[in-house]
Amino acid sequence: MTLRWIRTRPSWQVTLGAALLALGFLIAAQLSSEGPRVRYTTQERTPLLETAAELQSQQDDLRARILQLRSQIQDVESRGAGSADLVRQLNDGLEQARIAAGLIPLTGTGIVLQLEDSQQPVPPDGSQSDYLVGSRDIRTIVQALWLAGAEAIAVNDERVTPTTAIIDIGSSLLVNSAYLAPPYQVTALGPADLYQRLSASPGFIDFVRARAEGYGIRLSFAEPPSVDVPAFVGTVTLRYSRPIASPAATPAPSGN
Amino acid sequence: MRRRSSQLTIAAVAVALGLLVVVQLRSQAGVGGGLAQLSAQDLTALVANQNARNDQLRGEVSSLERELGTLNQNAARGEVSVDELRSELSRIRAYAGLDPVGGPGVTISISGPIDGFGVEELINELRNAGAEAIGIGGVRVVTGVVVTGAPGEVAVDGTRLGDSFELAAIGASDKLTGSLTRSGGIIAQLAATEPDVTVTVTPVDRIELPATIRDLVPAHGRPRL
Numbered sequence: 001m002t003l004r005w006i007r008t009r010p011s012w013q014v015t016l017g018a019a020l021l022a023l024g025f026l027i028a029a030q031l032s033s034e035g036p037r038v039r040y041t042t043q044e045r046t047p048l049l050e051t052a053a054e055l056q057s058q059q060d061d062l063r064a065r066i067l068q069l070r071s072q073i074q075d076v077e078s079r080g081a082g083s084a085d086l087v088r089q090l091n092d093g094l095e096q097a098r099i100a101a102g103l104i105p106l107t108g109t110g111i112v113l114q115l116e117d118s119q120q121p122v123p124p125d126g127s128q129s130d131y132l133v134g135s136r137d138i139r140t141i142v143q144a145l146w147l148a149g150a151e152a153i154a155v156n157d158e159r160v161t162p163t164t165a166i167i168d169i170g171s172s173l174l175v176n177s178a179y180l181a182p183p184y185q186v187t188a189l190g191p192a193d194l195y196q197r198l199s200a201s202p203g204f205i206d207f208v209r210a211r212a213e214g215y216g217i218r219l220s221f222a223e224p225p226s227v228d229v230p231a232f233v234g235t236v237t238l239r240y241s242r243p244i245a246s247p248a249a250t251p252a253p254s255g256n
Numbered sequence: 001m002r003r004r005s006s007q008l009t010i011a012a013v014a015v016a017l018g019l020l021v022v023v024q025l026r027s028q029a030g031v032g033g034g035l036a037q038l039s040a041q042d043l044t045a046l047v048a049n050q051n052a053r054n055d056q057l058r059g060e061v062s063s064l065e066r067e068l069g070t071l072n073q074n075a076a077r078g079e080v081s082v083d084e085l086r087s088e089l090s091r092i093r094a095y096a097g098l099d100p101v102g103g104p105g106v107t108i109s110i111s112g113p114i115d116g117f118g119v120e121e122l123i124n125e126l127r128n129a130g131a132e133a134i135g136i137g138g139v140r141v142v143t144g145v146v147v148t149g150a151p152g153e154v155a156v157d158g159t160r161l162g163d164s165f166e167l168a169a170i171g172a173s174d175k176l177t178g179s180l181t182r183s184g185g186i187i188a189q190l191a192a193t194e195p196d197v198t199v200t201v202t203p204v205d206r207i208e209l210p211a212t213i214r215d216l217v218p219a220h221g222r223p224r225l
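Residue numbers (our numbering), protein chains in the order written: chain A, 1 to 256; chain B, 1 to 225.
Rather than coming from a laboratory, the hints here were simulated on the basis of the structure.
Built from N, CA and C at the ideal position, the CB exists for glycine as well.
Label pairs and their computed distance ranges (CB to CB):
#1 A:PRO121 to B:ASP205: 51 to 61 Å
#2 B:ILE10 to A:PRO123: 37 to 47 Å
#3 B:ARG77 to A:GLU223: 50 to 60 Å
#4 B:PRO195 to A:SER129: 16 to 26 Å
#5 B:LEU8 to A:GLU223: 49 to 59 Å
Partial list, derived from the structure: chain B residues whose beta carbon lies under 7 Å from chain A:
#6 SER90
#7 ARG127
#8 LEU216
#9 PRO223
Covered, in the sense of this in silico footprint (three residues per stretch, anywhere, with C-beta under 8 Å from a C-beta of chain B), are these stretches of chain A:
#10 105 to 113
#11 141 to 149
#12 162 to 168
I would like the entire structure built from these sequences, with the hints used as guidance.
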């Protein structure tokens, strides 16, 4: 193939030009769809990224193992049921305590709220983080849901328990120390009129006004026939707290 | 003929390039499920958090493995594991807030025009620092308990807390104190936005927190099998 040959056949150039144009368009479209969250491309991040991905996969394995062990334990425990009143009572107590602690996945009536970053352009004097969904937004929604009568809540796959912290990491979230990326889905189990109660609550109205109307945070909701809330997969072993024997607690907790 | 085949070649190259670009971008976006958008500093924090969490999960795995082992041994001998059931019940009830608990931790005296959301921010920070059990104004903070109210009028579970009140948390008192009082931390932020609010953290050897009076078993959900 010689240069002369190319010159005499401009359609070759046209095709190449079109292909390059398409490529450029593709790249630009891809980059713009990545949005404001892509900010860093330095090389020293690569080993950190690999470590984080590796730890995440270890975490997934550990979670799977915990769920497996729990179900085996419940299996053995329930086989002992019926043998004595005391054992039956203990097993019933365990079932109720596990539900109360969030260790049992639940299904029932409820709603799902989805929060996504704003698509509005950030004004020159504005702060980009105001246009992203942050931990404060999720905490506000979770609190408003509790107050509206929600009985169990999960953010993506993380169940909200008495020890759950929701914090920012970069422009993503850690919930129960698990890394969550947007979009965030807050699933709440509760009474059939949960959404009516939520949308009438001052906390939720303030949130919509400030965040959705103010900054374009995208908030959508679904009310499926039933919602599923996953079990908390984490430790329930307290290292510093010891139960205090109380006459109110039945059956009486034994010392560890 | 020659012209046609060269055009075909170019078309094939362009298609391959396009595919490559898409695959490459997809794979970059997919690393660790969106981790790619974190800065080196955020990644370092994430790795520290993941390490701590994985250690906890490993601890939980070994404690569950022990428990299962004992249950199976006893079952093989035809015995019922009453002690194991009791200790498991006690462990879970303490975690959920169904039993009163005691242990070391911190008390946090709060006075001035703080609002419910401000108190919730403190509670979130305590949980992030590893608080195991939290109480406020004599109420155990369990799932579903929210501190509400305008500045100076905070309430928990419908009970007004007054102008000054106490938050208490059980956990590693040095870690809880350090996390709340570090520079740029939650108390520093509060001081900057609400200068009239006073927050004092005191490490304590022993705190006792009551059980919740709430029924924590959902009325609108059932176990999903």
